[in-house]
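The listed protein sequences correspond, in order, to chains A and B.
Be aware that the first sequence starts at 1, since it is given in the working numbering, and climbs by one per residue.
Be aware that the second sequence starts at 1, since it is given in the working numbering, and climbs by one per residue.
Incorrect hints may appear among the rest.
Since the list gives no way to pick out one identical chain from another, each pair is judged satisfied if it fits inside one copy or across any two copies.
Within a straight-line C-alpha distance of at most 27 angstroms, the following computed BS3-like cross-link-like pairs (lysine-lysine) qualify [unchecked claim]: (1) K456 - K607; (2) K222 - K65; (3) K579 - K493; (4) K330 - K493; (5) K645 - K382; (6) K282 - K65; (7) K579 - K645; (8) K579 - K456; (9) K232 - K74; (10) K456 - K645; (11) K96 - K130; (12) K65 - K344; (13) K456 - K576; (14) K81 - K280; (15) K217 - K422; (16) K422 - K69; (17) K374 - K217; (18) K344 - K456; (19) K625 - K579.
The hints are simulated quantities; they were obtained by calculation from the structure and are not laboratory data.
Protein chains: 2
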Amino acid sequence: MKTRYGLLILLTIMCLKTNAQQPANEGVKPRRQFTLEDLNFGGKNYEAMSPQTLKLWWDGNILVKADEKPVPTKYPKVFTKEHNIYIQVSEEAEEKQVTTDGTREIVYGESVHRNEFGITEGIFMSPDRKKFAFYRMDQSMVTDYPLVNTFERIAVYEPEKYPMAGMTSHKVSVGIYDIETENTTYLDLGDTIDRYFTNIAWAPDNNSLYIIEVNRKQNEAKLDQYSASNGKHLATLNTETDEKYVEPQHPISFLPWDSSKFLMWSQKDGYWHLYLMNTKGKLIKQLTKGPFVVMEIMGYCVDTKSVIIRTNELSPLQSNFFSVNIRSGKRVLLDNGVGVHRGKLSEDGSRLLDSYTTPDVPRAYNIIEVKTKKTTEYFRSKNPWEEYAVPHYRQGSLKAADGKTDLYYRMVLPPDFEETKKYPTVVYVYGGPHAHNIDASWHWNSRSWETYMAQKGYIVYVMDNRGSENRGKEFEQVTFHQMGQVEMLDQMKGVDYLRSLPYVDSDRLGVHGWSFGGFMTISLMVNYPDVFKVGVAGGAVIDWKYYEVMYGERYMGTPEGNARGYEKTSLLSRAKDLKGRLLMIHGMNDPVVLPQHAMQFLDACNKADVYPDFYVYPGEGHNMKGHMSVHLHEKITRYFEDYLK
Amino acid sequence: MKTRYGLLILLTIMCLKTNAQQPANEGVKPRRQFTLEDLNFGGKNYEAMSPQTLKLWWDGNILVKADEKPVPTKYPKVFTKEHNIYIQVSEEAEEKQVTTDGTREIVYGESVHRNEFGITEGIFMSPDRKKFAFYRMDQSMVTDYPLVNTFERIAVYEPEKYPMAGMTSHKVSVGIYDIETENTTYLDLGDTIDRYFTNIAWAPDNNSLYIIEVNRKQNEAKLDQYSASNGKHLATLNTETDEKYVEPQHPISFLPWDSSKFLMWSQKDGYWHLYLMNTKGKLIKQLTKGPFVVMEIMGYCVDTKSVIIRTNELSPLQSNFFSVNIRSGKRVLLDNGVGVHRGKLSEDGSRLLDSYTTPDVPRAYNIIEVKTKKTTEYFRSKNPWEEYAVPHYRQGSLKAADGKTDLYYRMVLPPDFEETKKYPTVVYVYGGPHAHNIDASWHWNSRSWETYMAQKGYIVYVMDNRGSENRGKEFEQVTFHQMGQVEMLDQMKGVDYLRSLPYVDSDRLGVHGWSFGGFMTISLMVNYPDVFKVGVAGGAVIDWKYYEVMYGERYMGTPEGNARGYEKTSLLSRAKDLKGRLLMIHGMNDPVVLPQHAMQFLDACNKADVYPDFYVYPGEGHNMKGHMSVHLHEKITRYFEDYLK
């Protein structure tokens, strides 16, 4: 990496050649302009500055670099090819096919339930690596959504099994394969229609499997134990209900030193907390408590009989590591107490790799000795944007539409910002569950595009409304059965604030978002047609009835059961209210928010004599990556340049 | 219909109420502005003024209005439902199903070969109405293009059998159904792969069928006679070849007074003319000759032994009726010798309904006694735009890029046009075969959108380049194997002319076209990136390899056989050269120019860091109609307003 001084010399030379930059003198801020490529879309610039990010792993309790010592493959290795499961028992052994009738209709060993309920994989190795559990999903009864591949000589039909809210969903079962005997045993689940089998965990003794089953209505979660040898149901250890919805996202986690006890996650007291239970189903105690959420179990320190967790106890904008003594419940902060921390615990639980960022630190790594809290700095990134004309990143809070809840915002201001000028301002919004935009990471978690826009003379404003993550159950569930409604009220509080600022040009307000944020963008445009002059909505949900069963019904119920909610939130009947300039963008092969959303809205606009704009990325899915992301963000930027500036 | 005076009074009253119009005084032109609805997209305003247009028919030789005396249904009535043929022998009889295995793969009684070669129907009743011939098309071997219906609860796959240039095409055969015996006989055609059976005609004695067969290469047309009783091939009466292509578009036509002679159409001398032949296959004589084209046989006058035809002999911009004596070949002009005429001959051939329009006459009907030329005016439309601020419509000609061929143009100028001002100017272009834009009909055949644009302050310029219709074979075939290339050279002659005019703003030139005209629009944008600031291309062909076999291979050969021509004309590799603002528009269910064209071009732009705009009409086909046409034209207009004005 070049030193700052070296870069300045380089810049001076470049100026002589191109006249593109201001002469750079020591003490005068250099003014290099960002290109979209500089901003490294699809990744974050400062991650490119610390390539170690993804290449460190624990070999026992020694941290090693993967490029010096690769992560060894664990055998038996189990994997999938074209919807079937394969196994390779040792490096020398041949691959062996475990299932044979896998198709796009019968899927083995893959993530199910459209990755909801924290599901990200479909194969679960037993602790002794002698068996594995796997998902089998029968989606033959699910309607095909007709996606099209337009890249072949003649375009090809490439259907996607997509169960829409209120429609027939797939059937999931769980099998257990015994690697030695080569026998497969399916859990004795009975009729699996409309049942979600989530958060699979092995018992430490390898003899049973724990599953959290959720009903189709998603208001009940049962923790069930099944025999790993004959698949029989052994016990129901816990049942949790909620008048809105339950949403288990973490498997139970056994104490390494006591296989009769485990930690269970629940949001039942209003926040995600850990509960100590035994295998008889007895609740021993609530281990964590308070107005904050537990985000992750990093692992256990056997020596101190503690669990290492990550929480936002210190601030809703932070996440920090704590060790929690299982017996006493005492929490000890392990990290520096600022910023946003992620990490990995060594295998024996004695050392923690702490990868963190703060508003001023792009990226740093510490190694923390769990017992002593002794901390060694392993790496600290230089500011990768040192030589650029960097915008101003501000963070603040205001009250939600309920008058009491704190909401956090970030504001990005042009590098040459002056209070006396008036700037066109764009509200960037996501607003949906399972996500947040503002935290105490570098530049308050600002996305590169905000920097690009600020450089072009815009203010960008981002606020996490109620319904977003990490703020507790009430904060999240206030949107129940009426997605977008409360979220809009909150966002408009942000807009009120913006309009109170002398340097925000209220006649030049824009809004932009993707996915749920696209839904929010259009919702705001049609509900507040005189507020937003320009909007860009990408991959936008238009009507929740076109969204999938798992996510869709959790928040919105079924179109039949919550007809009023669906009607109220649908944008189809609101097309006529569009007044500002709206650019909609969609990946033509989006299997998440299907192209039908965009097509239906455009047709409604066409019928209502309304004139939105539209752009597509053929072959792209729900999110553009690499070059297409660069093109996309330039496209978005140009739209604001055309109509907001 | 209101008188002009009445309208003026009405206008005056409206002005008092709304202040929207200037006070209208006698002698001062009223200034009512057109809305798109006034301009009646999807139809022509002046046709709305003469509703008789489509409702007149000959009962023998008496002209009657359909709303006073409906056209009687002829029995036996033969029709199709869901790809099968049905018959109803009398008004009282039940419908009877003739074919039973019709599907979207096996199609009975419908137009085949994608409506090329003048084919518009699939059932051909014999003169005595005792038999009918019908097409059977097996397209099971043709690749499906995956169109999608996004209007259902869950979008539905609606594939379209679409044989692309160079790919496997459908197989067509011809059956004959005997209504009395209920027997079906198929013509003995042998292997029908890559053979086009076109222009079916019955012999007057009902015993045989004449078909013009074209080979896949489309450089040979054979006139064949088949037995209607056993399907055997009886004779080949004529074979015509061409080094580029033949394109029969009219069945042979028997003389009513001599069933051993018929008229055959051929372009072999350079223009479409009629040739008198006998059923032995002997050419008796060329009946018409000269540098003009015969457009239509209206029918025959038995008394005078003449055929009534429509030609453009008087001017390439006109079409007029002539009677041609079969024996002497003498042509007699029947109509007033100006404008564009269409019409219908009475059943006995004695009277002609002459529906015509001239640059000054929106629509008029005469009845012409064929023998005496005695003409009676039946209807004359008032000027439907009398009360509007109407643009100026000019017509002229210039030389093509070959320096010798006359090309005709139309120019539409704003109502308040002043020579000393400079106007943004839009070139509207089609440019493909089988069509023309400029003729001697009302306002020189100007489309309503041109009036709308002129009203908004644009000049619109339209020119028929070489390759368009009605100008002879050489004029048409100069584009062979390199579509768009010569057409562009000619269009640029028009642009040179525009740039020579002091009132055309050369810095604000736009271009717009649909279908072939969309192809021309993008071709012009990428080949002359510094000329056109703004373009709008609808339903555009991007690469001829995605177009269908019949039309595509006639003009372009196969992608393998004419690799250079396909490469040269493809716009995919030219995306990088796009510089001006381009809006592409496509009907998402376009079965003619498939959405794949747009998707491929947009992807090429995305990859080349080029930024076109795009809009779609979900559920719409190749051309928008009714309300969607109004929306479309407003969308197009707004794009020029945004970027060209």
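Okay, the hints, checked on the actual structure:
1. K456 - K607: Between copies only: 24 angstroms across, 36 angstroms inside.
2. K222 - K65: neither (41 angstroms within a copy, 77 angstroms between copies)
3. K579 - K493: Within. Shortest intra-copy distance 21 angstroms satisfies the 27 angstroms Cα cut-off; inter-copy 42 angstroms does not.
4. K330 - K493: Result: close neither inside a copy nor across copies, 39 angstroms intra and 86 angstroms inter.
5. K645 - K382: neither (34 angstroms within a copy, 49 angstroms between copies)
6. K282 - K65: neither (43 angstroms within a copy, 91 angstroms between copies)
7. K579 - K645: both (17 angstroms within a copy, 22 angstroms between copies)
8. K579 - K456: both (25 angstroms within a copy, 22 angstroms between copies)
9. K232 - K74: neither (29 angstroms within a copy, 75 angstroms between copies)
10. K456 - K645: both (10 angstroms within a copy, 25 angstroms between copies)
11. K96 - K130: within (15 angstroms within a copy, 70 angstroms between copies)
12. K65 - K344: within (14 angstroms within a copy, 88 angstroms between copies)
13. K456 - K576: Classified as between: cross-chain Cα gap 25 angstroms, same-chain 32 angstroms, threshold 27 angstroms.
14. K81 - K280: Classified as neither; 39 angstroms inside a copy, 69 angstroms across copies.
15. K217 - K422: Intra 50 angstroms, inter 67 angstroms, cutoff 27 angstroms: neither.
16. K422 - K69: neither (55 angstroms within a copy, 72 angstroms between copies)
17. K374 - K217: Classified as neither; 48 angstroms inside a copy, 83 angstroms across copies.
18. K344 - K456: neither (39 angstroms within a copy, 66 angstroms between copies)
19. K625 - K579: between (31 angstroms within a copy, 25 angstroms between copies)
Violated hints, in rising order: 2, 4, 5, 6, 9, 14, 15, 16, 17 and 18; the structure is consistent with all others.
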